[in-house]
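Put together the whole structure using the sequences plus the hints.
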Amino acid sequence: MTEQAGTAHLEVPPGAPGHPHSEVPVPLDPTSTETPPLDVVVVTGLSGAGKNSAGRVLEDLGWFVVDNLPPALLLPMVELGARGDVRRFAAVVDVRSRAFSSDLQEAIRVLAEAGHRPRVVYVHARDEVLVRRYESNRREHPLQGTGTLIDGITEERALLTGIAGEADLWVDTSDLNIHQLRATLENAFAREGKTPPLTATVLSFGFKYGLPLDADLVVDARFLPNPHWLPDLRPHTGQDPDVRDYVLGQDAARPFLDRYTDVLRLLIPGYRREGKRYLTLAVGCTGGKHRSVAIAEEFARRLRADGVDATVQHRDLGRE
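Quick note on the UniProt record's numbering: the sequence shown kicks off at 1 and runs consecutively.
Hint data in this document are derived by calculation from the structure and do not stem from the laboratory.
A hint or two may mislead.
No more than 25 Å apart at the CA atoms, straight line, and that leaves these computed lysine to aspartate or glutamate pairs for DMTMM-like [unchecked claim]:
(1) K276 with D214
(2) K276 with D216
(3) K276 with E186
(4) K276 with E59
(5) K208 with D232
(6) K276 with D168
(7) K276 with E297
(8) K276 with D306
(9) K208 with D175
(10) K208 with E320
(11) K276 with D262
(12) K276 with D39
(13) K276 with E113
(14) K208 with E128
(15) K208 with D127
(16) K276 with D258
(17) K208 with D240
(18) K276 with D309
(19) K276 with E166
(20) K276 with D103
(21) K276 with E106
(22) K208 with D220
(23) K208 with E297
(24) K276 with D220
The structure is reproduced here in structure tokens:
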């Protein structure tokens, strides 16, 4: 026997399990209660919104993913993984588990108290999108029962209110394809296992198509002259230099951008101190084609210049 760090252990013969040069993994010690902290992502949200797709993306990014995990089993599964070689654990949890909302909030609290690093991704979509998806797949909503499809969706939204309000990242899949969903999650989680302190998404949108539900901050660009009324600019978008120069060249544009950038510089350090990791800044105009696109691109450029990891999405571009 030899001594190391005050603990006695047997010398392991070469080639035996547990030897430093052996390729055979050391079996778990069932009596051990010490586990290293894990990064944990809980994917939850509305049925039909794309939770399983989000889970598959995380699996492709190297996370160990468990689908349809009851909240009560979350901590035991995380600790079992921590005692093995799992360092990034993700679970898809939804109303199929029945004992859900309050149980999940409690399970996440217990995870944090145990020293792990839980984050919640809330995946959702508009009602009409969910109805269309269910009808195309000819499936029944898990909470529909003897009622209508919209009854099940409404009941599920009410059930999810608590956990939705505590989510770290909201992902609205109403207008996302699978590639855009992948890009959104890669931006948040594919950082060699290291999540940046704050990731910003600057989202342009058209007010006539509705407010984005996952926006933390909403900016209204409709006070600027609309390029739509200029025949030479109407076919172009805010990504084109002629429209961008027209929008940013307005007398009110620069003071507006400067002052709101100052507001962001005040808010972002506070968000970081409070542990907020994701910020969605939504910039709207009438149709989401000209003004909001140009302003969103400029905000993203300024955020990057200030050291914030910022990406741009144009929700309604090409929709008219």
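Comparing the hints with the structure gives:
Distance restraint check for K276 and D214: the Cα-Cα separation of roughly 14 Å lies within the 25 Å cut-off, and the hinted pair is therefore satisfied. Proposed proximity of K276 and D216 is supported: the alpha carbons are some 11 Å apart, at most 25 Å. Restraint check for K276 and E186: satisfied, since their Cα atoms lie roughly 18 Å apart, inside the 25 Å limit. Our distance criterion of 25 Å between C-alpha atoms is met by K276 and E59, whose separation comes to about 24 Å.
A hinted pair counts as satisfied when its Cα atoms are at most 25 Å apart, and K208 with D232 qualifies at roughly 23 Å. Distance check on the hinted pair: K276 and D168 sit about 7 Å apart at the alpha-carbon level, within 25 Å; holds. Only pairs whose Cα atoms come within 25 Å are accepted, and K276 paired with E297 is accepted, the gap being roughly 23 Å. Pair hint K276 plus D306 holds up; C-alpha atoms about 17 Å apart against a cutoff of 25 Å.
Restraint check for K208 and D175: the C-alpha separation of about 15 Å stays at or below 25 Å, so the hint holds. For the proposed pair K208 and E320, the alpha carbon gap of about 10 Å is at most 25 Å, so the pair holds. At roughly 19 Å between alpha-carbon atoms, K276 and D262 fall within 25 Å of each other, so this suggested pair holds. Straight-line distance between C-alpha atoms of K276 and D39 comes to about 16 Å, which keeps the hinted pair within the 25 Å bound.
The straight-line distance between the Cα atoms of K276 and E113 is roughly 18 Å, inside the 25 Å bound, and the hint therefore holds. Only pairs whose Cα atoms come within 25 Å are accepted, and K208 paired with E128 is accepted, the gap being roughly 16 Å. Taking the CA atoms of K208 and D127, the gap is about 17 Å. The hint holds against a cut of 25 Å. Restraint check for K276 and D258: satisfied, since their Cα atoms lie roughly 24 Å apart, inside the 25 Å limit.
Restraint check: the Cα-Cα separation between K208 and D240 comes to about 22 Å, which is no more than 25 Å; the hinted pair holds. Of the supplied pair hints, the one linking K276 and D309 holds, its CA atoms being roughly 14 Å apart against a limit of 25 Å. Taken as a hint, the K276 and E166 pair is honoured in the structure, with Cα atoms around 11 Å apart against an allowance of 25 Å. For a cut-off of 25 Å, the pair hint linking K276 to D103 stands: about 23 Å separates their Cα positions.
For the suggested pair K276 and E106, the alpha carbons sit about 20 Å apart, so the restraint of at most 25 Å is met. Between K208 and D220 the CA atoms are separated by roughly 12 Å; this keeps the pair inside 25 Å, and the hint holds. Under the criterion of a C-alpha separation no larger than 25 Å, the hint pairing K208 with E297 is consistent with the structure, at around 20 Å. The hinted pair formed by K276 and D220 meets the criterion: a straight-line CA distance of about 24 Å does not exceed 25 Å.
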